[in-house]
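Protein chains: 2
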Amino acid sequence: MHAFDYSFELEDYITKEDFERLKEFSKDKETPFVVVLLKTVARKYDELRAAMPYAKIYYAIKANPHEEVLKLLIERGSCFDIASIYELDLMLELGAAPDRLSYGNTIKKARDIRYAYEKGVRLFASDSESDVRKLAANAPGSDVFFRILSDGAGADWPLSRKFGAHPEVVFDNILLAREVGLRPRGISFHVGSQQNDVTQWRVALKTCHKIFEEAADKGIKLDLINMGGGLPARYVHPVEETCVYMAEITDYLREFFGVFDEEFPDVIVEPGRYMAGDAGVLVSEVVMIAQKEHEGRPWLFLDIGKFGGLIETIEESIRYPVYTERKGEARDYVVAGPTCDSMDVLYETNPCRLPISLEEGDRVYLFTTGAYTQTYSAVFFNGFPPLKVYVMDDLPRETA
Amino acid sequence: MHAFDYSFELEDYITKEDFERLKEFSKDKETPFVVVLLKTVARKYDELRAAMPYAKIYYAIKANPHEEVLKLLIERGSCFDIASIYELDLMLELGAAPDRLSYGNTIKKARDIRYAYEKGVRLFASDSESDVRKLAANAPGSDVFFRILSDGAGADWPLSRKFGAHPEVVFDNILLAREVGLRPRGISFHVGSQQNDVTQWRVALKTCHKIFEEAADKGIKLDLINMGGGLPARYVHPVEETCVYMAEITDYLREFFGVFDEEFPDVIVEPGRYMAGDAGVLVSEVVMIAQKEHEGRPWLFLDIGKFGGLIETIEESIRYPVYTERKGEARDYVVAGPTCDSMDVLYETNPCRLPISLEEGDRVYLFTTGAYTQTYSAVFFNGFPPLKVYVMDDLPRETA
Chain A
172 MHAFDYSFEL
182 EDYITKEDFE
192 RLKEFSKDKE
202 TPFVVVLLKT
212 VARKYDELRA
222 AMPYAKIYYA
232 IKANPHEEVL
242 KLLIERGSCF
252 DIASIYELDL
262 MLELGAAPDR
272 LSYGNTIKKA
282 RDIRYAYEKG
292 VRLFASDSES
302 DVRKLAANAP
312 GSDVFFRILS
322 DGAGADWPLS
332 RKFGAHPEVV
342 FDNILLAREV
352 GLRPRGISFH
362 VGSQQNDVTQ
372 WRVALKTCHK
382 IFEEAADKGI
392 KLDLINMGGG
402 LPARYVHPVE
412 ETCVYMAEIT
422 DYLREFFGVF
432 DEEFPDVIVE
442 PGRYMAGDAG
452 VLVSEVVMIA
462 QKEHEGRPWL
472 FLDIGKFGGL
482 IETIEESIRY
492 PVYTERKGEA
502 RDYVVAGPTC
512 DSMDVLYETN
522 PCRLPISLEE
532 GDRVYLFTTG
542 AYTQTYSAVF
552 FNGFPPLKVY
562 VMDDLPRETA
Chain B
172 MHAFDYSFEL
182 EDYITKEDFE
192 RLKEFSKDKE
202 TPFVVVLLKT
212 VARKYDELRA
222 AMPYAKIYYA
232 IKANPHEEVL
242 KLLIERGSCF
252 DIASIYELDL
262 MLELGAAPDR
272 LSYGNTIKKA
282 RDIRYAYEKG
292 VRLFASDSES
302 DVRKLAANAP
312 GSDVFFRILS
322 DGAGADWPLS
332 RKFGAHPEVV
342 FDNILLAREV
352 GLRPRGISFH
362 VGSQQNDVTQ
372 WRVALKTCHK
382 IFEEAADKGI
392 KLDLINMGGG
402 LPARYVHPVE
412 ETCVYMAEIT
422 DYLREFFGVF
432 DEEFPDVIVE
442 PGRYMAGDAG
452 VLVSEVVMIA
462 QKEHEGRPWL
472 FLDIGKFGGL
482 IETIEESIRY
492 PVYTERKGEA
502 RDYVVAGPTC
512 DSMDVLYETN
522 PCRLPISLEE
532 GDRVYLFTTG
542 AYTQTYSAVF
552 FNGFPPLKVY
562 VMDDLPRETA
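Here the protein sequences come in this chain order: A and B.
Read left to right, the first sequence gives residues 172 to 571 (the working numbering).
Read left to right, the second sequence gives residues 172 to 571 (the working numbering).
Fair warning: there could be bad hints in the mix.
To be verified - From the structure, some residues in chain A lie toward chain B, with a derived Cβ separation under 8 Å:
#, residue
1, Phe179
2, Leu181
3, Ala268
4, Lys279
5, Phe342
6, Gly554
Unchecked claim - Straight-line C-alpha distance at most 25 Å; calculated SDA-like pairs for lysine to any residue:
#, chain 1, residue 1, chain 2, residue 2
7, A, Lys559, B, Ser197
8, A, Lys381, B, His465
9, B, Lys227, B, Phe431
10, A, Lys559, B, Val550
11, A, Lys290, A, Asp327
12, B, Lys290, A, Thr202
13, A, Lys242, A, Leu261
14, A, Lys198, B, Arg285
15, B, Lys377, A, Glu464
16, B, Lys559, A, Leu261
17, B, Lys198, A, Tyr286
18, A, Lys290, B, Gly532
No lab work stands behind these hints: they were computed from the structure.
For each residue, glycine too, the CB sits at the ideal point set by N, CA and C.
Work out the full structure, taking the sequences as your base and the hints as a guide.
In structure tokens, the structure reads:
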């Protein structure tokens, strides 16, 4: 049990000016809530465009489907990765063209495929024979990319074997897809969310290249690589600059597919956490500080926990920076949420080092909480309502 | 990796007649949803009353706060354990008297204590000095019981050290409570949810008895024991009959507090899972059956998963019985949910043995899903709506 080194500066996450504005904006609002800084989303999008001009960005809506975020990205020309027909409906309502949508969930009911097809979606992910047959029957002639298994080594939020298939199975499915009248377009992979080891992309791209060659031998020209998500947001560990990270990935593409961007297959990236994570600040209140034993660490209870939106703290996987304006001597706190569920503990194995002067009623700020928080929050757990979200634009404006 | 022995009979969970009625009731409804059989809740309540006539039942609302469930229990004379002011509001709306409510969450904001006090709540749980002082200031003169730490050994959904304090700290808080004008009433403990080892109650009751004696030495007469929840529902393992389980606990009370029920302190129990768990049947559809590798187990994807309400499958802790009407030769399936989250896998280490004849589009039934499911479900994760609930009374009636 070591206390995590919590020596970060406010400015690692937000400018002093923005922080003051955020405090002003949120001072009369009842905690807990997330504030999304739209301009951060815009900046991240622009940085990624600049770093990978050859790639198409499909924003993974599930990371943060707030309307203002989606509208901003629609305006900027982004495409979108949808996980369900509900996300499809949301995008169509907001005016996104169906040819900018990819149905990226490999787990689909036949009627949901049919529904998406009828709405104009023509690009689907697949990883099983059964799904290929359902696509052929319900989305005839559509473009399909095939997901390969990846073990997610090096990622903070690792992958299981849930998605993707072994390359041999994928290859069989590519042949089947052609046979049943679909257009096999290429390969997708996902290196694991919050992936800190860029070389994982090389491993996956090498496999793609091999499948491309084998398909060519069978007369199938694959021309699409969907590199999924995995780009990190900045939690407690500093992450590489986007341009550095992307330059590495571009080098791997060159290694396997050609020296010039024009020689690359079509490249898709699906940033979710990368795009929305850094844009969120969760404002919470200290509910209680308790000493359970005469010796031992104090417990710090916040009004936000695992079921209020911080489910990614399971096994302490994702480490949100916790900021307080209190200063002075620090000590280690176990940090937990407000519900009666004993599992609702955020950081215990790796407690948080925070000032002794912290008091009940204080506000604390959890940075990098723009992705996979609000939509994960439970609908009525222990009676607590789902996490609220506010969007802060140039001028703060409030949304439902 | 061993396949779990899945040899249960339908009638272990539901009568054939009720099952036919449930199928009829649900045949035109879009999965996934939970059907709550009200008469099961009523039966469990009555059984517990009969087995512990000396105890007061405080239903733990958080397990299943469906209005029909709460109304039934209000009518039957139950008291209620609330976890938040939101649950308080719900109970008051439904007409429950505030003197039948216990604010059982030890993590409370000062203003929430004040709010509950103003609404008439006079019974509070506490486990810290800070909370005692807040209670004194915001709920003067109220009854307080003090929670002791328990390690939850033997429970399927174990406790952490989040709730309760060491007996020495508890004792200090009892003295403090008297000093600041509160009425220290007694001790509460929780042996862990889905507790299969009844002797855990003896360990806790022994500690209670010791604190009672020490308090008496200081002139404080404690007269309340809150035994919390922990009574098991029937998942895949058979559980003891309520009356057998309760007879054991009653024996432990006799051992420490007197031969006759009249000599017992006031006894409170807070069943949640016990009361609502068995009453729920979750109806789901097979979305996809996929082979990831040429060798290896097939994956069975349902339209319900961890984020749709089955979060208690984390670490495969709670094992829901999965029932299909298909028969014949069986094989092991890895079972997973429908979202794009790789963590959304239900049973992989211990896969499910189900018929080979299972097909996509089939309905499967997950029994014992009446507790800690619907309210845990995420508000919009991957776009999926929260889990729907229907209540089946003598005549099926639909609710929002």
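Against the structure, the hints come out as follows:
no., hint, verdict
1, Phe179, "violated, 26 Å"
2, Leu181, "violated, 26 Å"
3, Ala268, "violated, 18 Å"
4, Lys279, "holds, 7 Å"
5, Phe342, "violated, 11 Å"
6, Gly554, "holds, 3 Å"
7, A:Lys559 - B:Ser197, "violated, 33 Å"
8, A:Lys381 - B:His465, "holds, 19 Å"
9, B:Lys227 - B:Phe431, "holds, 17 Å"
10, A:Lys559 - B:Val550, "holds, 11 Å"
11, A:Lys290 - A:Asp327, "violated, 36 Å"
12, B:Lys290 - A:Thr202, "holds, 22 Å"
13, A:Lys242 - A:Leu261, "holds, 11 Å"
14, A:Lys198 - B:Arg285, "holds, 21 Å"
15, B:Lys377 - A:Glu464, "holds, 19 Å"
16, B:Lys559 - A:Leu261, "holds, 20 Å"
17, B:Lys198 - A:Tyr286, "holds, 21 Å"
18, A:Lys290 - B:Gly532, "holds, 22 Å"
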